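If you read the protein sequences in the order shown, they are chains F and H.
According to this note's numbering, the residues represented by the first sequence are 1 to 287, in order.
According to this note's numbering, the residues represented by the second sequence are 1 to 239, in order.
No wet-lab data here; the hints were simulated from the structure.
Keep in mind that the hints are not guaranteed to be accurate.
Covered stretches of chain F (in silico footprint by chain H; criterion: 3 or more residues with CB under 8 Å from a CB of chain H, positions within the stretch not fixed) [to be verified]:
1. 161-174
2. 178-187
Covered stretches of chain H (chain F as the covering partner; in silico rule of three or more C-beta atoms under 8 Å from a C-beta of chain F) [what the hints assert, rightly or not]:
3. 62-76
4. 103-109
The model shown is predicted, which means the values in this text are computed figures rather than measured ones.
Cβ atoms here follow ideal geometry from the backbone N, Cα and C, with glycine treated the same way.
Listed here are the chains, written in short residue letters.
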Amino acid sequence: MNWLDTILQGILLGGLYALFAAGLALVFGIMRLVNLAHGDLIVLGAYLVMYLVGALGINPVLAALFAAPLMFALGWAIQRLVLNRVLGPDILPPLLVTFGLSIVIQNGLQMGFTADSRRISAGPLETASVDLGFVTLGVMPLLTFASAIAVILVLNWIFYHTAMGRAFRATSDDPVTASLMGIRPKAIFAQATGLAMVVVTVAALYLGMRANFDPTIGPARLIYAFEAVIIGGLGSLWGTLAGGIIIGVAQTFGAAVNPEWQILSGHIAFLAVLLVRPRGLFPRAFD
Amino acid sequence: MTILELDHVSKSFGALKVTDDVSFTVAAGEALGIIGPNGAGKSTLFNLITGNLLSDRGSITLLGRDVTRISPMQRCLMGVGRSFQIPQPFSNLTVFENLVVAATHGRGLPEREVTDDCVRVLEQTELLARANQSAGSLSLLGRKRLELARAMATGPKLLLLDEIAGGLTEGECHALVDTIRAIHASGVTIVWIEHVLHALTSVVDRLLVLDFGRLIATGACDDVMARREVQEIYLGIDV
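Go ahead and model the full structure; you've got the sequences and the hints to work with.
Pasting the structure below:
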């Protein structure tokens with residue numbers, strides 16, 4: 001086993017998991033909503049990008065740019081029409097509703113696109129690599145990781161440097177007090193879910209370009225994303241990246257020892273972190 | 001000029017009359033204190049003024065406009081600011097951000113137009129040195145100041161203070177009273193509910209006494225406190 005290579009591949013894989021998780025962390029951080037349909041929404045995004053690539057004959061990145069506003073609108077509408085109605089002191093209704101949403105999306109996709117597995121073709125990019133002498137890194141994993149960093153930088157900039165971000169954080173702190181200040185939490189939630197869907201579009205782009213996907217792979221992506229979010233401390237974006245990296249590195253190490261251990265070792269790393277830091281690596285200062 | 005007028009306002013929760021035919025006016029620039037035993041309906045009165053509760057009967061006039069049925073948000077935009085009995089800052093936001101959020105949403109203005117005002121309010125409430133600290137890390141006095149600052153950031157003409165001196169030490173209380181006095185001196189009309197009487201009477205010109213939702217006395221501080229029924233009801237229960 002080449003240690004350095006394994007670690008680097010693991011870190012880059014962590015970027016993909018962080019992309020899966022960033023939207024989930026954003027939504028959870030602001031409205032304490034666990035969106036069980038998050039993985040399926042990523043898959044839906046991948047189909048949308050794939051459809052746009054086919055219909056318009058454009059390159060996948062451009063297609064994702066077109067898909068992003070559509071996904072924003074979808075997220076906004078889901079929040080406004082469905083999720084806002086079930087958010088409340090009881091955490092069960094939103095779980096049930098997003099679980100239902102997950103089933104609807106999976107079956108809808110099977111109806112529309114069949115159960116065949118698909119892939120978004122990225123051309124020569126798929127196999128391009130950079131030789132650093134001691135290791136060789138794929139361009140696609142490097143791009144994925146860079147995109148994860150870029151997504152987190154942009155989201156953090158929005159959170160800490162815009163009026164919308166401050167309204168997000170104030171609502172996240174205390175929706176009741178926020179509403180007394182003239183903030184309308186339900187409108188904020190809709191914007192947040194819309195924004196999360198833009199992040200989902202980025203995740204979908206890489207999901208589709210890096211591997212095959214079919215309508216039913218969403219829930220497995222949700223688990224990695226969820227683990228990354230929990231390791232990160234529920235809502236912290238850099239923490240989520242750290243969580244993704246921990247799972248990614250654990251998986252590549254597991255795979256290097258024995259390919260059957262890849263998935264398991266990711267989950268074991270997750271449990272190990274929880275044993276040491278039950279509130280995650282970067283929990284909120286005041287809860 | 002009258003800034004606030006309550007005319008025969010009543011509010012019941014079921015069979016319990018929490019506000020019973022209350023009428024009074026507050027002149028612009030005045031500082032009015034409201035006292036009364038626990039459960040006398042003081043906070044309810046504030047909720048009626050801010051619009052968080054709607055009255056069953058009577059009318060409320062703010063700056064010459066009947067606001068009896070209009071929303072808390074609109075009343076806030078008209079110039080009603082309020083501090084809460086239990087400070088509720090946005091703990092994970094900085095002190096400054098707490099003010100910016102209150103000012104932008106409470107006044108409906110973009111951020112860059114309110115930042116100067118926010119800095120001025122921080123100065124006024126002696127929080128400038130803590131501007132970039134997270135609000136959750138403030139001491140109780142700091143939180144009370146922030147509560148005051150946040151109400152001030154909405155640019156109020158009428159400031160409602162709900163037991164803001166409660167739980168403070170003697171020294172902290174004095175410091176806070178100085179700040180409130182300075183805010184009053186800057187032209188803001190204040191209505192203040194308080195149990196800490198010496199703090200209250202050092203700022204307000206006039207007292208209003210509530211008991212079981214009814215207004216039982218009003219007048220200059222010394223006159224009101226000297227009245228027998230006030231001493232019986234108020235001191236009899238609280239001391």
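Results for each hint:
Remark: the region 161-174 of chain F is confirmed as covered by chain H, as 8 of its residues place a Cβ nearer than 8 Å to a Cβ of that chain, reaching the required three. With 5 residues having a beta carbon nearer than 8 Å to a beta carbon of chain H, the region 178-187 of chain F meets the requirement of three or more and the stated coverage holds. Note: the region 62-76 of chain H has 3 residues with beta-carbon separation from chain F under 8 Å; the three-residue rule is met and the coverage holds. Residue count for the region 103-109 of chain H with a Cβ under 8 Å from a Cβ of chain F: 4. That meets the three needed, and the coverage hint holds.
Every hint, counting from the list given before, is met by this structure.
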